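K.L.:
The sequence shown: position 79 = 79 (UniProt numbering), numbered continuously.
FYI, nobody ran anything at the bench for these hints, they're computed from the structure.
Do not rely on the hints blindly, as some may be mistaken.
Distance windows between CB atoms, simulated [to be verified]: (1) 58 <-> 201: 29 to 35 Å; (2) 201 <-> 139: 26 to 32 Å; (3) 117 <-> 78: 40 to 46 Å; (4) 79 <-> 123: 44 to 50 Å.
Keeping only pairs whose Cα atoms sit at most 30 Å apart, straight-line, the calculated DSS-like set for lysine-lysine is [to be verified]: (5) 107 <-> 143; (6) 190 <-> 2; (7) 2 <-> 107; (8) 29 <-> 49; (9) 2 <-> 49; (10) 107 <-> 49; (11) 169 <-> 122; (12) 122 <-> 29; (13) 169 <-> 107; (14) 190 <-> 29; (15) 169 <-> 29; (16) 29 <-> 2; (17) 143 <-> 190; (18) 169 <-> 138; (19) 29 <-> 107.
Since this is a predicted model, take the numbers as computed values, not measurements.
Glycine residues also receive a C-beta, built at the ideal position from the N, C-alpha and C atoms.
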Amino acid sequence: MKLYYAPGACSLAPHIVAREAGLSLDLIKVDLRDRTTETGQSFEEINPKGYVPALRVESGEVLTEVSAIIQYLASQAPLSNLMPGHDGFDRFRFLEWLGFISTEIHKGFGPLWRPNFPEDVKQAARDRLFQRFAYLDKYFAEKPYIMGESFTIADAYLFTVLNWAHVHKLDMSAYSNIAAFVNRIAARPKVQEALATEGLLQKAA
Numbered sequence: 001m002k003l004y005y006a007p008g009a010c011s012l013a014p015h016i017v018a019r020e021a022g023l024s025l026d027l028i029k030v031d032l033r034d035r036t037t038e039t040g041q042s043f044e045e046i047n048p049k050g051y052v053p054a055l056r057v058e059s060g061e062v063l064t065e066v067s068a069i070i071q072y073l074a075s076q077a078p079l080s081n082l083m084p085g086h087d088g089f090d091r092f093r094f095l096e097w098l099g100f101i102s103t104e105i106h107k108g109f110g111p112l113w114r115p116n117f118p119e120d121v122k123q124a125a126r127d128r129l130f131q132r133f134a135y136l137d138k139y140f141a142e143k144p145y146i147m148g149e150s151f152t153i154a155d156a157y158l159f160t161v162l163n164w165a166h167v168h169k170l171d172m173s174a175y176s177n178i179a180a181f182v183n184r185i186a187a188r189p190k191v192q193e194a195l196a197t198e199g200l201l202q203k204a205a
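Could you build the full structure based on these sequences and the hints that come with them?
P.N.:
What follows is the structure, encoded as structure tokens:
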């Protein structure tokens, strides 16, 4: 399998998941400014959407979107227990969390990446993110991981996007439980490997 990634982007989540699952993965770096891979190939030939991550599987098919890719990777290593099984309510709670991370946290940062967006739009985005952070901070006061006592792919995804708060210089001092969660994930050996490979060890929270 080949993972097309950019350092620190949301593609870090499937990178972490693959390592946690013990899966072999070829990493291909993408320059998102000119939409080319490190081998000189046009990235839009791989993913016409133009953004990472993209995962080329053994059949040659390409899968995109973080939430789909991390579930696919976890399904390739079911004994790793990186997501709940298909039976039982936990699976739906898990999907609820993936939806929340994707739409409320990941996409919540969207306006902050746009240098030409008006400041009032960016401030509204910050305010919404702080509301979501307050919810997460209260949640992590009682649970070490999203699904309770066990690390899942949802934790890898949330860890990845929460680190963007530091990129955008958001004041996270009020969220000590989020800080503890991020540090807990960052300390995992496989997460350390992924961060080191992407040159992010000094940038992680």
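K.L.:
Is the Cα-Cα distance between residue 169 and residue 107 30 Å or less?
P.N.:
holds (17 Å)
K.L.:
Taking 30 Å as the top limit, are the C-alpha atoms of residue 29 and residue 2 close enough?
P.N.:
Roughly 10 Å between the alpha carbons, so the hint for residue 29 and residue 2 holds.
K.L.:
Run the distance test for residue 2 versus residue 107: straight-line Cα separation, threshold 30 Å.
P.N.:
holds (25 Å)
K.L.:
With the threshold set at 30 Å, check whether the alpha-carbon distance from residue 29 to residue 49 stays at or below it.
P.N.:
holds (16 Å)
K.L.:
Given a hint of 44 to 50 Å, does the C-beta separation of residue 79 and residue 123 actually sit inside it?
P.N.:
For residue 79 and residue 123 the Cβ distance comes to about 46 Å; the hint holds.
K.L.:
CA of residue 107 to CA of residue 49, is that 30 Å or under?
P.N.:
Between residue 107 and residue 49 the Cα gap is close to 16 Å, so the pair holds against 30 Å.
K.L.:
Given the hint of 26 to 32 Å, check if residue 201 and residue 139 actually sit that far apart at their C-beta atoms.
P.N.:
holds (27 Å)
K.L.:
Between residue 29 and residue 107, does the CA-CA distance stay at or below 30 Å?
P.N.:
holds (22 Å)
K.L.:
Take a quick look at whether residue 122 and residue 29 sit within 30 Å of each other, Cα to Cα.
P.N.:
Given that 30 Å is the threshold and the Cα spacing comes to 29 Å, the pair holds.
K.L.:
So if I understand the rule, the pair passes when the alpha-carbon distance is 30 Å or less; does residue 169 with residue 138 pass?
P.N.:
At roughly 22 Å apart (the allowed maximum being 30 Å), residue 138 and residue 169 satisfy the hint.
K.L.:
Given the hinted pair residue 2 and residue 49, is their alpha-carbon gap at most 30 Å?
P.N.:
holds (17 Å)
K.L.:
Holds or violated: are the alpha carbons of residue 190 and residue 2 at most 30 Å from each other?
P.N.:
holds (18 Å)
In this structure, none of the earlier numbered hints is contradicted; all agree with it.
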